[in-house]
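Trainee: So you can see what is in the structure, the chains are spelled out below.
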Amino acid sequence: DTEVTQTPKHLVMGMTNKKSLKCEQHMGHRAMYWYKQKAKKPPELMFVYSYEKLSINESVPSRFSPECPNSSLLNLHLHALQPEDSALYLCASSQARGYTEAFFGQGTRLTVV
Amino acid sequence: AQKVTQAQTEISVVEKEDVTLDCVYETRDTTYYLFWYKQPPSGELVFLIRRNSFDEQNEISGRYSWNFQKSTSSFNFTITASQVVDSAVYFCALSEANGRGGTSYGKLTFGQGTILTVHP
Numbered sequence: 001d002t003e004v005t006q007t008p009k010h011l012v013m014g015m016t017n018k019k020s021l022k023c024e025q026h027m028g029h030r031a032m033y034w035y036k037q038k039a040k041k042p043p044e045l046m047f048v049y050s051y052e053k054l055s056i057n058e059s060v061p062s063r064f065s066p067e068c069p070n071s072s073l074l075n076l077h078l079h080a081l082q083p084e085d086s087a088l089y090l091c092a093s094s095q096a097r098g099y100t101e102a103f104f105g106q107g108t109r110l111t112v113v
Numbered sequence: 001a002q003k004v005t006q007a008q009t010e011i012s013v014v015e016k017e018d019v020t021l022d023c024v025y026e027t028r029d030t031t032y033y034l035f036w037y038k039q040p041p042s043g044e045l046v047f048l049i050r051r052n053s054f055d056e057q058n059e060i061s062g063r064y065s066w067n068f069q070k071s072t073s074s075f076n077f078t079i080t081a082s083q084v085v086d087s088a089v090y091f092c093a094l095s096e097a098n099g100r101g102g103t104s105y106g107k108l109t110f111g112q113g114t115i116l117t118v119h120p
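So the sequences go chain by chain: A and B.
The numbering of the first sequence is our numbering, which starts it at 1 and goes up by one.
The numbering of the second sequence is our numbering, which starts it at 1 and goes up by one.
Simulated from the structure, these hints should not be mistaken for lab results.
Because the structure is a prediction, the values reported are computed rather than measured.
Just so you know, not all the hints are guaranteed correct.
[To be verified] No more than 27 Å apart at the CA atoms, straight line, and that leaves these computed lysine-lysine pairs for DSS-like:
(1) A/LYS22 x A/LYS38
(2) A/LYS53 x A/LYS40
(3) B/LYS107 x A/LYS19
(4) B/LYS3 x A/LYS38
(5) A/LYS9 x A/LYS38
(6) B/LYS107 x A/LYS38
(7) B/LYS38 x A/LYS41
(8) B/LYS107 x A/LYS40
(9) B/LYS107 x A/LYS22
(10) B/LYS107 x B/LYS38
(11) A/LYS38 x A/LYS19
(12) A/LYS18 x A/LYS38
(13) B/LYS38 x B/LYS70
(14) A/LYS9 x B/LYS3
(15) A/LYS38 x B/LYS38
(16) B/LYS38 x A/LYS40
(17) B/LYS3 x B/LYS70
(18) B/LYS107 x A/LYS53
(19) B/LYS107 x A/LYS41
(20) B/LYS3 x A/LYS41
(21) B/LYS70 x A/LYS9
(22) A/LYS22 x B/LYS38
(23) B/LYS16 x B/LYS107
(24) B/LYS3 x A/LYS40
[Said to hold, decoys possible] Which residues of chain B face chain A? A partial, calculated answer using Cβ under 10 Å:
(25) VAL4
(26) GLN8
(27) TYR33
(28) PHE35
(29) VAL46
(30) VAL89
(31) LEU108
(32) THR109
(33) PHE110
(34) GLN112
(35) GLY113
[As the list claims (entries may be wrong)] Simulated DEER-style distance windows between Cβ atoms:
(36) B/THR5 x A/SER62: 29 to 39 Å
(37) B/ILE115 x A/HIS79: 11 to 21 Å
(38) B/GLU10 x A/PRO69: 36 to 46 Å
Ideal Cβ positions, reconstructed from N, Cα and C, are used throughout, including at glycine.
Isolated chain A (complex conformation) (with noise of 0.2 Å):
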C-alpha cells in the first residue's frame, strides 16, 4: 500500500475563515511533507517533519500552521489566507532513513475568495 490521503478535496475558504487540511498514510513513513503548488508550476517544499518534530520551515507565512499529531497524520492549518495562496496542496510521505522516495497524496485543490 503506498497511498497517501488527503482531505479535502477541494476547498473554498473566505480571507476570515479558519480551516484544516488533513493528510494521512499508513506506510510506517516517518517523514511527511507539505508542498505547495501553483498552477502550472513545479511543487514547492513548505514544511518537513521527522519523527513527529518539526525539521524544516521553509520560511512560510505564519498563517500557515503545520501539525503532526502522531506518525501517521499531519495537518495544515490555515487562517487569514489571501487569494495568492489559491494552490494546489499536497501532501507527502517517506521513509526517515535510507534511500528513499516520498509518495504524494492527490492533493487539496484551496481556492481563498
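Knowing the structure of chain A, use the given hints to seat chain B on it.
Mentor: Relative to chain A, chain B alone:
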C-alpha cells in the same frame, strides 16, 4: 545550490511514437538522488523511478526506460510506443543527501515539468 532543468516545456506526439523527456541537473554534492514523477490531471504525483548518484545503470520498466549519465549530468526518460494514458506532466527531481548517513528526506528540487500530450 541544486537545480533541475527540463528544457522541453511541452511535447506533443501521436500514439505509438517514442518520446524522450530530457532532464539536466546541477549539484555540488557527490551523493544525490534523482527521481521522475508523473502528474496526471487528477493532481497526484506518481512516483516512477529513483536513481542514486553512485548507480549509473540504466533501467527499463515496461515501456519506460531511463538513461542516467553523470558525465553530462543528465537523467533522461523515454516512453516507447506512447499511449494516450501517458498524457500528463512529468517532473524530474533532485534530492541531496542531508548529511545524516546519506539519507534523503524527500526535500525535492523539481524541474519545471514537461507537459506530454499523446494524441490518438
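Trainee: Each hint: holds or not?
Mentor: Each hint tested on the structure:
no.: 1; hint: A/LYS22 x A/LYS38; verdict: holds (19 Å)
no.: 2; hint: A/LYS53 x A/LYS40; verdict: violated (31 Å)
no.: 3; hint: B/LYS107 x A/LYS19; verdict: holds (26 Å)
no.: 4; hint: B/LYS3 x A/LYS38; verdict: holds (19 Å)
no.: 5; hint: A/LYS9 x A/LYS38; verdict: holds (16 Å)
no.: 6; hint: B/LYS107 x A/LYS38; verdict: holds (18 Å)
no.: 7; hint: B/LYS38 x A/LYS41; verdict: holds (14 Å)
no.: 8; hint: B/LYS107 x A/LYS40; verdict: holds (20 Å)
no.: 9; hint: B/LYS107 x A/LYS22; verdict: holds (20 Å)
no.: 10; hint: B/LYS107 x B/LYS38; verdict: holds (17 Å)
no.: 11; hint: A/LYS38 x A/LYS19; verdict: holds (19 Å)
no.: 12; hint: A/LYS18 x A/LYS38; verdict: holds (21 Å)
no.: 13; hint: B/LYS38 x B/LYS70; verdict: holds (23 Å)
no.: 14; hint: A/LYS9 x B/LYS3; verdict: violated (31 Å)
no.: 15; hint: A/LYS38 x B/LYS38; verdict: holds (16 Å)
no.: 16; hint: B/LYS38 x A/LYS40; verdict: holds (14 Å)
no.: 17; hint: B/LYS3 x B/LYS70; verdict: holds (15 Å)
no.: 18; hint: B/LYS107 x A/LYS53; verdict: holds (15 Å)
no.: 19; hint: B/LYS107 x A/LYS41; verdict: holds (17 Å)
no.: 20; hint: B/LYS3 x A/LYS41; verdict: holds (15 Å)
no.: 21; hint: B/LYS70 x A/LYS9; verdict: violated (39 Å)
no.: 22; hint: A/LYS22 x B/LYS38; verdict: holds (23 Å)
no.: 23; hint: B/LYS16 x B/LYS107; verdict: violated (35 Å)
no.: 24; hint: B/LYS3 x A/LYS40; verdict: holds (18 Å)
no.: 25; hint: VAL4; verdict: holds (9 Å)
no.: 26; hint: GLN8; verdict: violated (14 Å)
no.: 27; hint: TYR33; verdict: holds (7 Å)
no.: 28; hint: PHE35; verdict: holds (6 Å)
no.: 29; hint: VAL46; verdict: holds (8 Å)
no.: 30; hint: VAL89; verdict: holds (9 Å)
no.: 31; hint: LEU108; verdict: holds (7 Å)
no.: 32; hint: THR109; verdict: holds (9 Å)
no.: 33; hint: PHE110; verdict: holds (3 Å)
no.: 34; hint: GLN112; verdict: holds (6 Å)
no.: 35; hint: GLY113; verdict: holds (6 Å)
no.: 36; hint: B/THR5 x A/SER62: 29 to 39 Å; verdict: holds (33 Å)
no.: 37; hint: B/ILE115 x A/HIS79: 11 to 21 Å; verdict: violated (34 Å)
no.: 38; hint: B/GLU10 x A/PRO69: 36 to 46 Å; verdict: holds (41 Å)
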